[in-house]
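Line order of the protein sequences matches chains S and P.
All you need for our numbering is the position in the first sequence, starting with 1, plus 234.
All you need for our numbering is the position in the second sequence, starting with 1, plus 274.
Hint data in this document are derived by calculation from the structure and do not stem from the laboratory.
Warning: the hint list may mix true and false statements.
Unchecked claim - Only part of the chain S face toward chain P is listed, based on derived beta-carbon distances under 8 Å:
#, residue
1, A294
2, L296
3, I316
4, Y318
5, F320
6, R324
7, L326
8, P327
9, W328
10, R329
11, L337
12, V338
13, Y364
14, I384
None of these values were measured; they are calculated from a predicted model.
For glycine and all other residues, C-beta sits at the position ideal for the given N, C-alpha and C.
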Amino acid sequence: MASVTVGVSIDIGEKRYPGHSGARPVTALLNMRACIAPSEFCVITGPSGCGKTTLLNIVAGLDRDFAGTLSFAPSDRGAPRIGYVFQSPRLLPWRTVRENVALVQPRHADRMELEGLLTDVGVAEAADAYPAQLSGGMARRAALARAFAIAPDLLLMDEPFLSLDAAAADRLRSLLLRLVSTRPATVLFVTHDLTEAVELADRVLVLSPSPGRVVAEMPIALPRTERRDRDALPVLRAELARLAGPPIEPAPNTAKIAFPRPSSPHRTAE
Amino acid sequence: MRFPAALAERAASLFVTLASWEAAAWLAHSRLFPGPASVLSTLADEAMHGDLLHDLGATLARVAVAFALAMVGGTAIGIAMARLRALDTLLDSGVVLLLNLPALVIAVLLYIWLGLTEAAAIGAVTLSKLPTVVVTLREGARTLDRDLGDMARSFRLGFWRTLRHVTLPQLSAFFLVASRTGLALIWKIVLVVELLGRPDGIGYAIQVFFQLFDVRRLIAYALAFVAVVLAVEWGVLQPLERRLARWRR
Chain S
235 MASVTVGVSI DIGEKRYPGH SGARPVTALL NMRACIAPSE FCVITGPSGC GKTTLLNIVA
295 GLDRDFAGTL SFAPSDRGAP RIGYVFQSPR LLPWRTVREN VALVQPRHAD RMELEGLLTD
355 VGVAEAADAY PAQLSGGMAR RAALARAFAI APDLLLMDEP FLSLDAAAAD RLRSLLLRLV
415 STRPATVLFV THDLTEAVEL ADRVLVLSPS PGRVVAEMPI ALPRTERRDR DALPVLRAEL
475 ARLAGPPIEP APNTAKIAFP RPSSPHRTAE
Chain P
275 MRFPAALAER AASLFVTLAS WEAAAWLAHS RLFPGPASVL STLADEAMHG DLLHDLGATL
335 ARVAVAFALA MVGGTAIGIA MARLRALDTL LDSGVVLLLN LPALVIAVLL YIWLGLTEAA
395 AIGAVTLSKL PTVVVTLREG ARTLDRDLGD MARSFRLGFW RTLRHVTLPQ LSAFFLVASR
455 TGLALIWKIV LVVELLGRPD GIGYAIQVFF QLFDVRRLIA YALAFVAVVL AVEWGVLQPL
515 ERRLARWRR
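Okay, chain P solo, but in the shape it has when bound (with noise of 0.2 Å):
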């Protein structure tokens, strides 16, 4: 498909979810129910004169520190378990258990003994992602071509260089799988850990227009973070994918 054609799919698709929130809006006539048009002025005030810059920007930040924690980790720690036996029936049953633990009794333990603070907040958003990238790494290093890594010995090639060009490259699809589910996730642990435990950040800013019934901020927030998202998905995440992909004939 020609990217013209791409984006007046994508125009009137979102034109007529607009358009029926609009009427449902219309029809609702309620204080609780707010349309997209009064949304998105609210949407513009608050990025003028309100919070909502300060409370995305914190937000994001907390993103972006405990997605970089979350991958290098746990990509490290993956290569290294699928690599070592040993280390791997070690870790086990660790990270399976903090794979089916509750982001929020992670949440809520660690701000239980670090109190409520930053680091509690980032390690939280942290280990809730952490095993599913291992897990996923653990099974991208298993899959690891022996005969590319014996001509990467053969010819002396290092430690550091073998990385670089001969084992990331093999993990790059796993390493992309990760980094999407990863993030997806983290976009919505974050707001809850922020709900209980932080004094800014979109989850905070949610839970004071929840006990204020302020529907229509509510909604310009989740709506202002939802454009973040989306914009690091066709932004950053789609173009890397192309980018890791070029070699592929």
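Next up, chain S with everything else stripped away, as it sits in the complex (with noise of 0.2 Å):
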């Protein structure tokens, strides 16, 4: 199939947060470099804090304060279409699903592909509940239908599949494979799971502890299909272990940042 999807280029020297009411600083990305190949399914994973959220804010053009360069190709197409899937659904809790749904198409969407889409992901029959109704796993399911509602070009996911129970996560998983296989898009995929990882990727990268870094990427060439059928996940998540190096804990440098006191006596308190 030619290539309708976007590859992002990320090349972001330093990102860091300005300190508060005399706190320091926090340095959150650190010559974080990676290249995403057009419909590559790349998962992000790295101990908490490592700036993930970050990285895919920086991504969305939510972030635009950090010192570094983003493009995306080809970059004769305009801006590329971001669906974006956050850690909560982000539902407007006023609006049915199916309005949450049809609010980010262009204005002249096609009903019946909305209904399509609806029906693919599984919320058509909660398509007129409010989000406050559904279970969480509904919930997710329509935050997945409006991310692919714009048919991007590119996917941000941001542990979409955290605080689900087990079953439902890998429901949406499968979910998530067959809707990327109909409707191919560039995925970046961040979790800290890293079965989850190894089960969805196409390559994953691991990043450092805060500052977050590329240290270490692991590219899986066997087919999705196999890696279930033939219990391959174990051995991959060895891997992939193996790869991300022991200390997936915060590092001791990482505390000092993350609970900033004053080094010396001499500075003064604000």
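These two chains come separately, so use the hints to put the complex back together.
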């Protein structure tokens, strides 16, 4: 198939959060470089607090306050359409599921296409419900439908299946793979669950503890269907765990950044 | 509570009020303290042959225009002040000043500067209400959910769609509070403004009846006005409140 999606080239020299009320500024990302090919399913993993969400927000264009460049290829297509699935569903509570999904579509979007998408994602029966009436799994399906409703070139997913029970998360992962196979998109998927990473990814990038940068990568050539059939997941997971290295917990210097204290008595307290 | 039961309770309470009023009027036995029966017949008579409907219409038109101006202007200014720090600093003392300036002073000043005109009257009512709307909506806009804002930005919803679907629904409770308190305030101020400088309206009529010591017509006009206020409360504001709360579980 001809490439209909976009690739992303990320080159972030530094991303820091200014310190507030006397706290030291925190560097979230440092020399974070990665190249994601069109239609690639790229999973990013790393210890908590290593800047994964920050990275997605930068790619989404929500955060422009960083040193570095971000480019999409092919570049002649204008701004890429980006679908974002957040850690929590972030549906509008005062709009029904259908309204939530239709809202992000272009104005002249096809109603039939919308209904087809709702059916594919499995929320057709709950389409007239308000988000407060949905189970956690259904709300995530709705968020997934919304992300696909714009026919995204690039799909950003920030631990989207967190806080679901194992069975529900498993069903949603299968659903995601089905959707991506029929509606191609480049995917940037953040998770700290290594099994989830090796189940989904074409390639896994491992970030270092804060400030985050890519310290290891692992392409996975084995087709996804065979990963489960041959019980290959534990083997892949073990390999990824070895690559990620033992200190998957925050390193000692991270703790210092997270709880800054005046390092010398001469510092004036603000 | 079921609807008919609620209605019966309201009717009973209304009946008790009217009965004690009639009894008090009978005891007082004075031209200056008419009972409900004579007031209601005056009300009907004024509605059919007098100026009641004209005055009521004039007052309601002023209320409607001033309310709309104050709500739209106050909402826009309130949201802008919550979002833009510089604007907040710039306008804050002005808002506090206006908030604490008695409506009577605003009305007198505007009548002096603009003459005894309709614009001055409506301007005075609008300015009296505007700061409360600004303050309420500013508080509301400060509580806006950043996560939903990020969602709207990442999906590139644009200004108007974000305003309509993301921002305003979050402010609906604050908007409703501002409407409620604002309308209650306007009902009171508009009569004072009319009394001071308009040739028609309920406020003007009340001034005339005061000079004539015509308490019967004075109460009749006031009752007609109260009836409209209650109709707006039950017919517009309460259904609107239920509609806006529809999505809550």
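Tested hints:
A cut of 8 Å between beta carbons decides the hint on S/A294: the least distance to chain P is about 5 Å, and the hint holds. Annotation: S/L296 was flagged as interfacial toward chain P, and the flag holds, the nearest CB pair being 5 Å apart, inside 8 Å. For S/I316, the interface hint holds, the least distance from its beta-carbon to any beta-carbon of chain P being 6 Å, beneath 8 Å. Interface restraint check: S/Y318 against chain P, minimum CB-CB distance 4 Å, threshold 8 Å, status holds.
Residue-level restraint check for S/F320 holds (minimum Cβ-Cβ distance to chain P is 7 Å; threshold 8 Å). Taking 8 Å as the C-beta cut-off, the interface hint given for S/R324 holds, the closest approach to chain P being about 5 Å. Hint on S/L326 holds. Least Cβ distance to chain P is approximately 6 Å, under the 8 Å limit. Below 8 Å, beta-carbon pairs count as interface contacts, and S/P327 has one with chain P at about 6 Å; its hint therefore holds.
Taken as an interface hint, S/W328 checks out: its beta carbon lies about 4 Å from the nearest beta carbon of chain P, inside 8 Å. Restraint check, S/R329 versus chain P: the minimum CB separation of about 7 Å is within 8 Å; hint holds. Because the smallest distance between the Cβ of S/L337 and any Cβ of chain P comes to about 6 Å, under 8 Å, the interface hint for this residue holds. A least Cβ separation of about 4 Å between S/V338 and chain P falls short of the 8 Å threshold, and the interface hint therefore holds.
Hint on S/Y364 holds. Least Cβ distance to chain P is approximately 5 Å, under the 8 Å limit. The beta carbon of S/I384 comes within 7 Å of a beta carbon in chain P, closer than 8 Å, and the hint placing it at the interface holds.
When the structure is compared with the earlier hints, no violation turns up for any of them.
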